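Those protein sequence lines, which keep their order, are chains A and B. Take the first sequence: its letter number 258 is residue 332 in the numbering used here, and every next letter is one higher. Take the second sequence: its letter number 193 is residue 328 in the numbering used here, and every next letter is one higher.
No wet-lab data here; the hints were simulated from the structure. Owing to the predicted nature of the structure, the values given are computational and were not obtained by experimental measurement. Glycine is no exception: its CB is placed at the ideal position from the N, C-alpha and C atoms.
Facing chain B, a subset of chain A residues (Cβ under 7 Å, in silico):
id : residue
1  : S196
2  : S202
3  : P204
Listed next, the stretches of chain B that the computed footprint assigns to chain A, with coverage defined by at least 3 CB atoms under 8 Å from CB atoms of chain A:
id : segment
4  : 194-207
5  : 219-225
6  : 233-246
Across the chosen pairs, the derived CB separations fall in these ranges:
id : chain 1 : residue 1 : chain 2 : residue 2 : range
7  : B       : D232      : A       : A362      : 29 to 35 Å
8  : B       : A254      : A       : V220      : 36 to 42 Å
9  : A       : A366      : B       : V147      : 23 to 29 Å
10 : A       : R107      : B       : T203      : 21 to 27 Å
11 : B       : V379      : A       : W118      : 53 to 59 Å
12 : A       : A366      : B       : I296      : 45 to 51 Å
13 : A       : F167      : B       : V147      : 58 to 64 Å
14 : A       : V231      : B       : A254      : 41 to 47 Å
15 : A       : V306      : B       : G156      : 45 to 51 Å
16 : B       : P239      : A       : V220      : 25 to 31 Å
17 : B       : D155      : A       : A360      : 41 to 47 Å
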Amino acid sequence: MATSDSTAMPDPSPEPQAGGSPALRLAAMSPVRLFYWSVRRELWENRFVYIAPLIVAAVFLLGFVIGVVHLPLSHVNASRSPAGHQSLTPLDFASFVVMLTYLVVTVIYCLGALHNERSDRSILFWKSLPVSDVTTVIAKASIAMVVLPLITFAIIVVTQGIMLLASTAALWTRTPILPMWAALLYHLLTVHALYYAPFYGWLLLVSAWARRAAFLWASVPVAAVLILERLVFHTSAFANMLLSRIGGGPAAMPFPPPGNMAMQAPTLANLGAFLASPGLWTGLAACALFLAAAVRLRRYQGPI
Amino acid sequence: MSVIEATGLRKVFGTTIALDGIDLRVEEGRILGLIGPNGAGKSTAINAILGLTPHQGQLRVLGSDPWTARDRLMREVAFIADVAVMPRWFRVSQALDYVAGVHPRFDRAKAEGFIARTAIGRSSRVRELSKGMVTQLHLALVMAIDARLLVLDEPTLGLDILYRKQFYDALLNDYFDRSRTILLTTHQVEEIQNVLTDFMFINRGRIALTCSMEEFEARYAEVTVHPERLAAARELRPLHERQVFGRSTLLFERADRGRLQQFGEVRTPGIADVFVAVIGASTAASRAGGR
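Next up, chain A with everything else stripped away, as it sits in the complex (with noise of 0.2 Å):
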């Protein structure tokens, strides 16, 4: 990459001087403006983002409605079978559909943000407008990490209103509510927003680099060190590394183990075990490392 910078008088200071040009004494909009109208093109562009979890939540609870009418009793036994099966409630199958998706949507979002924009060539159009690269990816990475939890969260909650307002009094009178969803935005906010904050950092920056591909940019290098680590030093400890952070590492608050009914609400133990886990820093520092490099990509880049 050529990094031929100007060889020209520096800036003596990023803003003017009296009598400097008008163009730096210009008011700018504040940085929270730029920010969230940054992010409101994000979600006019990516509909799908918020879409699809909608419509994987609808198709749940056109199913659930339709096993409430024909089997009531059935169904609720059925999955509170006895022979203590991990079989999950109605009400844990919502959440983790909806979440699934999410995981599938980000993934998909990350690997397009800084892509597609080169792709169609609209990154000459955004490179037009006073939006610095820092805002632009900074939007993105939070639409992974802040936006989309949120989302997640509000299709989970509805959806789960809905099922009980449909469902018999005893799965009103069997479920802690509250603190099923305290612990499902704690699980949302602390595994998915932080503690896989690397791995956004990282879908952004294959986005930003790669011309095309992007998904096997993103997965063959992962692959190629797993196979390397195993061959070379016969250890697996990058696969454990990610294996670790996929379940959600040690500190974060687990969904509930096999044969308990429901999540439990976090509790400030919970918050201040994962907040001194060195994995949520490490992590997050990779993150900050990776959305740089983005940034710097974009900078350096056109369209393809």
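Starting from the known structure of chain A, arrange chain B on it as the hints suggest.
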């Protein structure tokens, strides 16, 4: 202060020299056409001026280095890269919302006024509009930005003549004033000849000719010569000679118009004819030699 000031502007891609040390100065209130064959370095120069690519040499746009200050510079610089960069999923209303949201010098009412004069619907998506309408939309957005420098890179490529004419008419009547500066590239040189105040020929990364339009009219003259008088006319050392309907048209640089008049009516040539004379011969030779 000049709007654009470049000294020794240079850009190398691998072994290809795209810009080979260009000196350029564009003053406020000018409309400069950058004219050159494909691959001459026009787009590279424009990308450097817009802060889209790093460069060597000195370059100042409105007093800033565009590579390090792109996002700040874009508050005062507008550009239309080519006809197809508006995001296809954009709704017209979203485009207005977005630009109003991020641009401190965007006058939304003005943009809506421009759009109202076209057939563009407010709820249409860009992908549903014709190429000409997309350009109208982009131009409406850009003309509503109170920018000091407007850069147009092949803005009318692929549009029919009506849209092209309308584009430049709108630019001159509704946008341009002496406090603004426009830099544009196009292959349709003849159409913009009366739009420009200055032009610059660029070839193989170098500036082949810089000229203001006033200077152009004084400097170049062409005359169609009767075959019998051709030899005499050639003694005045024409820059270029071409055949039109069996008659020879001779292009002269800095020739005495009084002496030329004895051969026929003396006209100011088109920029395109001078372009062919200045650039055409060398480019044709190098293209043929390259094969």
